[in-house]
Amino acid sequence: MRRAAQVFTARRIITMNPSVPYATHVAVRDGRILGYGAADDVAAFGPAELDARFADKVIMPGFVEGHSHAFEGMTWLDPYLGYFDRRGPDGRVWPGLKGIEAVVQRLREAEGALDDPAAPVTAWGFDPIYFGGPRMVRADLDRVSVTRPVVVTHASGHIMNVNGVALHQAGFTQSTDLDGLVRDADGALTGELLGPEAMGRVRRVVGGASMERALDVPGLRRFAGLAQAAGVTTAADLLNDLTPETVASYHMVTGETGFPLRIVPALAARSYGLQDGIARWRELRRQSNDKLHFGLVKLVVDGSIQGFTARLRWPGYHNGAPNGMWYVAPAQLAGIVAAYHEAGAHLHIHTNGDEASEAAVEMIGRALAAHPRLDHRHTLQHCQMPDEALYRRIKALGICCNIFANHIYYWGDAHAALTMGPSRAARMDACGTALRLGVDFAIHSDAPITPLAPLFTAWCAVNRRTASDRRLGPEECIPVAAALRAITLGAAYTMRLDHLVGSIDVGKFADFTVLDADPLTADPMALRDIGVHATVVGGYVSAPAA
Amino acid sequence: MIVVPIPGPIPVTVIGGFLGAGKTTLVNHVLRAGSRRYAVLVNDFGALNVDSRLIAGQDGAVVSLANGCVCCSIGPDLGGTLATVAARRPAPEHILIEASGVSDPWRIAQLVKLEEGVALDAVLVLVDAAAFPEQLADPYLTDTLERQLARADLVVLNKTDLAPPGLAAAAVRRIRGDVGLVKVAHAALPDALLGGALLGDSPPCAASRFHAGPPEHGFRTWLWDDPAPFDRAALAAVLDGLPPSVLRLKGMCSTGRDGAPHLLQLAGRRWSLTPVPAGPTPGLVMIGTSVLPAADALAALFRTALLTKTAVPFPA
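Going down the list, the sequences are from chains A and B. The first sequence runs 1 to 546 under our numbering. The second sequence runs 1 to 316 under our numbering.
No lab work stands behind these hints, which were simulated from the structure alone. Keep in mind that the hints are not guaranteed to be accurate.
Unchecked claim - Mimicking EDC-like on lysine to aspartate or glutamate, the simulated pairs with C-alpha atoms at most 20 angstroms apart in a straight line are:
#, chain 1, residue 1, chain 2, residue 2
1, A, K98, A, E109
2, B, K113, A, E109
3, B, K113, A, D179
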């Protein structure tokens, strides 16, 4: 005999399924969606257990985050130093720190809690761009400790501040010849370190870089907790070397019935030689399960715009900074894209600057000319700067975009003033253009770079407000319905999971996000304030942590 | 001349250059020849295509060859990999690092300088003589190529059999007018230019007090074996004023009134003078391009730096 259906009822169910856009009841069997509609519609499925606990709530398809990093589950082992309030995996809200003094104070508290006298004090999320001038210097961190190293990683992950002990242990002195050691007017080291070389040495010699711990099972659970609290039921782990140890951790957690998250890891191509990477991708594809979906491959072409390491087309950086870095040069990119494309892989390509996006588009175009493939869904990740002409090429080639909408709020003011200038900043993260041209797109957080919170990301794409409450390029705003699609079906499409998640349709996983209010009728400026009441993954209900 | 190993840290040579410039070919030559106990750090071991019959064993990421050389993928942590390789026993006699085709090799050199037990020998940047002018004109590539050359000690113009090197050489000169430029084909760089045996192992000839050797691979060598001590400041002035045709200079010399022994190493514009325990016979070997100044001119120049001689201005 077939098991009885489980029926959830809600004030309104927004299905994101255009054939039946709204419902009040959804029937679930074996963790999958059996049907939906009004009470009468689901009665046809026979005797059912009616679950009315969400009767006054609004149900949506579970949110899909197309660009996040599971290592956020590890960063919370260390104190958070960001400017904005942020909720940790235990539900505790860490108040934002509004100045260097407050940062030093939090670090001193962390120092006081350490038992091992040699252990470093490590912390993350620091972003002095909001302090309007002063940078942190070595003397600030020497007030935290003069006996143990203090290592602070910035929000971007591309900059560090360290104290004198850490400088000494790393062997950095005034006479050290190393790019990326920031100096004061007298040539003395300020303790600020830029770029992978200087930071990498601190990581190895001093230890304690918050964003570099290997992902383990407890870390995955913490990440899943953060995702669950934000209403996310499917999340990318968009850059992972996918060692056997990591894959074993994934298998362990995703094998549990109550684990509240589907994980979509992307193989970091740079961690392997070309042929080894393709072989590893083939091997992993056979190891997917319902909550673990291998198949994506991640390439990183340039750096970050706010770090001035993204590759920009003319006229380059607004403040005259030299052009950024190719992490992979165009000539090399051509070979890598061609090889993975020909093997059948699904590429997710980090391109922040428009020159990097253009190069990626060009190389995908060449790969398609050599090996035509319909429905490849290669995706530009971040994709912050393409103009309309480049978007037309993106559309013509069937490329998807996952747009970093959160940047508008967090760094939009800096982009207008320093990196891009007013005209390009007004069309950065151009969801409006993508929507008008019919480009398949998603929007993302890049957690932990910005917080995992799809409703906030949707709020950014809808309202385009910066942290100083300036509206950046109103023509690129998108309607709420389009933003909701971007955080559900849009993201699922970029990960080739739109047949399984992202909308409420028969046969798909019973993954829902339960909201306190209806985002389609709420004030668009209140979108980010709508509470996530619970999530459902495969029919299994999880409530947020306290 | 007595063969005496020069003491000190393991020399590290960084091989840079854009994709296709010949870095992997060069590394393959070095590994196959096995003229010394080389350790080679590469980006992608698979790309090397090392003959499996040459492989004697594998220990983690380190592949040992039958001829005593080892090869290792760099991985995400260059400093850590370098420390691991340098700590091997028997210790490598020389370490080569193949930079990625898009990186600035000087930034790798900076990391080398921070590691203990190793010393930066030189940064060599390979340039594809056939493709370079076109690569440089590609707006996607211009600044990457310029950054690679900006701090090179020596530039190796490769594939000169495929294209007359004039255009590429002129393009390099526009970026770095002062840099030593070596022209080769098939990435066949003489061992001496890789920082290998300049002195102590197999000097080409030691019959005369100073001597310009016959052109070998189109290069010229010159020897200095006057044991008299140099005046340090005068020597520095001589070294700083050497023309770009001087590619390398290496050997033992003494400086100052106490005649303290030093190891002198020069690659392109960069040189170092490191105190060493007494022992090795003094003598310097220079290798340069075919337009290296004549032996007597070089001898006259170095004589001006001797402590016992009155320094005379070098004719411009």
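Hint check results:
no.	hint	verdict
1	A:K98 <-> A:E109	holds, 17 angstroms
2	B:K113 <-> A:E109	violated, 36 angstroms
3	B:K113 <-> A:D179	holds, 12 angstroms
Consistency with the previously given hints fails for number 2 only.
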